[in-house]
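Could you build the full structure based on these sequences and the hints that come with them?
So the chains spell out like this:
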Amino acid sequence: MPRRKLVTSLLLGAGSLAGSVLYRRRAARHRERVDIYAEDGSMVSVADGAPEAARLLSLAHELIHSVES
Amino acid sequence: MLRTVDAAQALADLTEISSQIVHVAIVDRDGGVLASTLGDERQAGRFAEGVARLLEEADVAGAVRGLAGFVQLEAATLDGSIFVVRSPAGSSYIAAVTRPEPTVGLVFYDLKHCLKSVGAPAPPARATRRKKADASS
Chain A
1 MPRRKLVTSL LLGAGSLAGS VLYRRRAARH RERVDIYAED GSMVSVADGA PEAARLLSLA
61 HELIHSVES
Chain B
1 MLRTVDAAQA LADLTEISSQ IVHVAIVDRD GGVLASTLGD ERQAGRFAEG VARLLEEADV
61 AGAVRGLAGF VQLEAATLDG SIFVVRSPAG SSYIAAVTRP EPTVGLVFYD LKHCLKSVGA
121 PAPPARATRR KKADASS
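Protein chains in written order, with our numbering: chain A, 1 to 69; chain B, 1 to 137.
FYI, nobody ran anything at the bench for these hints, they're computed from the structure.
It should be emphasised that the depicted structure is a prediction, and the values quoted were computed from it without experimental measurement.
Check the hints yourself; a few may be wrong.
What the hints assert, rightly or not - For each label pair, taking beta carbons as the anchor points, the in silico distance ranges come out as:
id : chain 1 : residue 1 : chain 2 : residue 2 : range
1  : B       : D13       : A       : E52       : 28 to 38 Å
2  : A       : E62       : B       : K116      : 20 to 30 Å
3  : B       : R65       : A       : V21       : 30 to 40 Å
4  : A       : G41       : B       : E56       : 15 to 25 Å
5  : B       : E101      : A       : E62       : 13 to 23 Å
6  : A       : A14       : B       : E16       : 48 to 58 Å
7  : A       : G19       : B       : D28       : 49 to 59 Å
8  : A       : A38       : B       : D28       : 15 to 25 Å
9  : B       : G31       : A       : G13       : 54 to 64 Å
10 : B       : E49       : A       : G13       : 45 to 55 Å
11 : A       : A54       : B       : D30       : 20 to 30 Å
Just so it is clear, CB atoms sit at the ideal spot from N, CA and C, and this is done for glycine as well.
Rendered as structure tokens:
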């Protein structure tokens, strides 16, 4: 059944591609974060998705774009 | 005035050794820009204001998580990162914009070194020897 094999291969390929895109997007989102360090060496990480992260990351984006222009 | 010149030289040295840093500024406690690599004073002023807002928000976020005051931060985005290091006395801070995915430890090290060099006391002036005539009078 060559046609059936072809369809299976295409579906597997499409599935892999979609999975790869979703994984990359998810990984990229997790790369956006704010790490805050105290004097004693302790650190808190405010990752994208946390309540304060949106404001902090928005300010960071603004700053980065402000120096580009 | 001398301090500002020193800060400018420190930033020139910093950008020369660190290719990851795109722009950097040294700002005093009152928000005054001591030196920056940004094109003009207005842009540097806007940058300092933005960093001040980021520091306020980071103070709040840190406090919510039980962190009492902070000395440095990194805000990492896909377009680049913002680094801020406060001086131990809290009298000034250095803020930098870097390329995406920088070597975090190295950037912090360079920024601390730069801030320290600006805050370092000037070497003592050489003592001038009094003339004999003056000393005898």
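Distance restraint hint 15 to 25 Å, applied to the beta-carbon atoms of G41 (chain A) and E56 (chain B)
This hint holds: roughly 23 Å between Cβ atoms.
Pairwise beta carbon distance, R65 (chain B) to V21 (chain A), judged against the given window 30 to 40 Å
For V21 (chain A) against R65 (chain B), whose Cβ atoms are near 33 Å apart, the range 30 to 40 Å holds.
Outcome of range test on Cβ distance (G31 (chain B), G13 (chain A); 54 to 64 Å)
56 Å, holds
CB of E62 (chain A) to CB of K116 (chain B), is that within 20 to 30 Å?
29 Å, holds
Does the beta carbon distance between A54 (chain A) and D30 (chain B) stay inside 20 to 30 Å, or does it fall outside?
Taking Cβ atoms as reference, A54 (chain A) and D30 (chain B) lie about 29 Å apart, which means the hint holds.
Given the range 45 to 55 Å, decide if the beta-carbon distance of E49 (chain B) to G13 (chain A) lies inside it.
The hinted range 45 to 55 Å holds for E49 (chain B) and G13 (chain A), with Cβ atoms some 51 Å apart.
Can you let me know if the beta-carbon spacing of A38 (chain A) and D28 (chain B) is within 15 to 25 Å?
22 Å, holds
So the hint says 48 to 58 Å: do the beta-carbon atoms of A14 (chain A) and E16 (chain B) match that?
50 Å, holds
Verdict for D13 (chain B), E52 (chain A) (Cβ pair) under range 28 to 38 Å:
35 Å, holds
Given a hinted range of 49 to 59 Å, is it respected by the beta-carbon distance of G19 (chain A) and D28 (chain B)?
51 Å, holds
Kindly confirm whether 13 to 23 Å is satisfied by the beta carbon distance between E101 (chain B) and E62 (chain A).
Holds - the Cβ-Cβ distance for E101 (chain B) and E62 (chain A), about 20 Å, lies within 13 to 23 Å.
Of the numbered hints listed earlier, not one is contradicted by the structure.
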